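There are 2 protein chains.
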Amino acid sequence: MVKPGDSVVVITQDERIEGMYLEKPALLKQDTIIIKLSSGYNIGIDKDKVKSIRVVKEYVKPRSKNKEIKQDSKLPNVSVLSTGGTISSKVDYNTGGVIADYSAEDFLEMCPELSNVANLKAKKVMGMMTENITYDEISKIAIEVAKELEKADGVVVTMGTDMLGYIAAALSFCLDVNKPVIITAAQKSIDRGSSDSFFNLISSVNAAANFNGSGVYVCMHGSSSDDYCNLIKGVKVRKMHTSRRDAFRSINEKPVAQIYGEGEIKVVNDSFEKRGMGKTSVKNKFEKKVGLVYIYPEINVELFDVYMDYKGIILMGTGLGHVPQTIYPGIKKLIDKGVFVGMTSQCLYSRVSSTVYSGLREIKALGVVYLEDQLPETALMKLSWLLGNGKDVSLMTSDLKGEMNDRIEYDTFLI
Amino acid sequence: MVKPGDSVVVITQDERIEGMYLEKPALLKQDTIIIKLSSGYNIGIDKDKVKSIRVVKEYVKPRSKNKEIKQDSKLPNVSVLSTGGTISSKVDYNTGGVIADYSAEDFLEMCPELSNVANLKAKKVMGMMTENITYDEISKIAIEVAKELEKADGVVVTMGTDMLGYIAAALSFCLDVNKPVIITAAQKSIDRGSSDSFFNLISSVNAAANFNGSGVYVCMHGSSSDDYCNLIKGVKVRKMHTSRRDAFRSINEKPVAQIYGEGEIKVVNDSFEKRGMGKTSVKNKFEKKVGLVYIYPEINVELFDVYMDYKGIILMGTGLGHVPQTIYPGIKKLIDKGVFVGMTSQCLYSRVSSTVYSGLREIKALGVVYLEDQLPETALMKLSWLLGNGKDVSLMTSDLKGEMNDRIEYDTFLI
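Here the protein sequences come in this chain order: X and E. Here the first sequence stands for residues 1457 to 1871, numbered as in my numbering. Here the second sequence stands for residues 1457 to 1871, numbered as in my numbering.
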């Protein structure tokens, strides 16, 4: 019987298709089979049309090996924690599926240069795509990071790219640390020739070992070549492109540093907390009843009723922080109920302001809190974290981890 | 008695405040007065603390003048329609309010150079800030534009900046035209020294008069200086900064042209419909039961129930178009009910794709339609327009007005 991962030849009424037999996605209709072509693309074929399927080569699951990791007492100690994502998707890519299953140990084996940079410890924390990660997983990652930081000089966390920005922000609030926590990922899986995985990994291990900052940063390609990675504060990072390796951008401030692989670390923006002594503390609770609401023309006021049992929402308003007048009553109802309502801008760049127009002053008078230059996604994570840990929501307008700044440099637009 | 617009001196327990007495925003608590300072900022003062208010200079409403507009038969004819927004906010700025009230006629008086570029006709269509504009107003603007195009060589529409992108997209679908319709606006009101109004206006009149394209375009500052404006397709434009004059950006393709004030028009990207002969047709109905939903970690599946009586929603998914697995049932319920569900990306740049990951294939299998490189806001307007005019929603994956392209040039990221 044909099994997922087998190389097959399928004969249909019209054609002959060679490729790898894949597991059928759960929600696809029953009478379809999926074949991954050598081009990397998958096609679905109606079972009705299939005349025969012949197994050319059976799939053999790769053996798990016990790896000896080289240790050098002169090098810093870095722990690499894997949580899933495209960077972890090799093994499943072989079977055609994409459920993340590739672990931190495998990275070390595939990228031996890493052991020139640091003494490495690897641990698989979970194997998930970020879009499915919940607050519970973020809490777990925070605990694992803190545990590793007891001994390591820095920690690298690998994950998927989709919700990386949210998770980086959430971890920034969870972790009071005196060492760097470097989050990295890949836009193309590690087994592809053009993968960005290795350069991101080696730059991240370099940053974890040698960067003179503490806190949570994201380390991803800074250009479309393998020349350097940008190190960006976890509270200021956003995925701005669906597929480019340099998709991750620092919004409203410059990246803190450029990391040249296992080489130089060039500080670009000195506004980061320095690496220091002291203990690590973790506050990793989250309130789940928070939401992010995008504003658009004639948005219906009734949509806001659904948030009546929420603890808080973040609006992505227009421009400096407008919403249509017709939804003022909906917002007022929420605020009267005790729901926190914060304002950010769907422009993403620069800050909201409640002073310029009378409409803005009216919205502020309803009790909406203007969140300055905080990213919508970061504001959501901060709100969930504040509420979850019993902190006062008035801290939404205080800078806790570099998420809010008085001044935005002019040359940071669309960099 | 003190009236809005009066220059006053307010004496409180603690200080002496000079400025302009403003109308109190409707929702502000009763016992506050608002004074606009000469710095341009407004302050609220508790009535309890006010010892005296003295009127220094009474506000006199500017007289409406009948203006003679110069005509030159050798010049093209351009109609300027004003709809409100910051570019129209001078008169109310004087009284301190910001309800748009300044009309197209006033632009011509304040910017006499405009008559060197074209024979101008001016008309005030409405006086609103864009965040309050509904589909009904968009329909009205479409009709007025079509009416003017019967005689004019091009039309300029001035409006606010906040929802300009949405309105430009909506008008693009409404109007089948063979002449250019140029939308412009200002980030700073026309009576400020640093206003971008005049340069945007003169560039827009130049484009309406002389640009060799047809259809709806946005003409706004292309840099932070008054050197040129970018002409951007109405379906590809987005406000990317809350305050900069060059906030409007062409997403996923280059602007079609650079407009050098009343001077040169330099075509940058030739992918536009050319100016031609033929009649103007307007299809200006919209379906109001459409929504835009932003995806974030652990978004609650129950939120989707609120869209059960909607005709369609556009998701702003993560990355290539993911959503958490936990909301698949909510989406499926909507689709089973006949609600159209389209997928765009919150990354904004590049396209969604349903083929790369099994999660994406599963979401597509639910019946979610992947909308390629269409902007979320444009997709929402297109959906509303298709449904409103009885057209098939399968057109969501056809390119109607340049909103969807097979190829994205590599050097268009963050330009």
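Careful: at least some of the hints might be erroneous.
You can't tell identical chains apart in this list, so a pair holds if it fits in one copy or across any two.
[Stated by the list, open to error] When the alpha-carbon atoms are kept at most 25 Å apart in a straight line, the in silico DSS-like pairs for lysine-lysine are as follows:
hint : residue 1 : residue 2
1    : K1492     : K1607
2    : K1744     : K1789
3    : K1788     : K1503
4    : K1507     : K1530
Simulated from the structure, these hints should not be mistaken for lab results. Keep in mind it's a predicted model, so treat the numbers as computed, not measured.
Results for each hint:
no., hint, result
1, K1492 / K1607, "neither (44 Å within a copy, 58 Å between copies)"
2, K1744 / K1789, "both (20 Å within a copy, 23 Å between copies)"
3, K1788 / K1503, "between (55 Å within a copy, 24 Å between copies)"
4, K1507 / K1530, "neither (63 Å within a copy, 73 Å between copies)"
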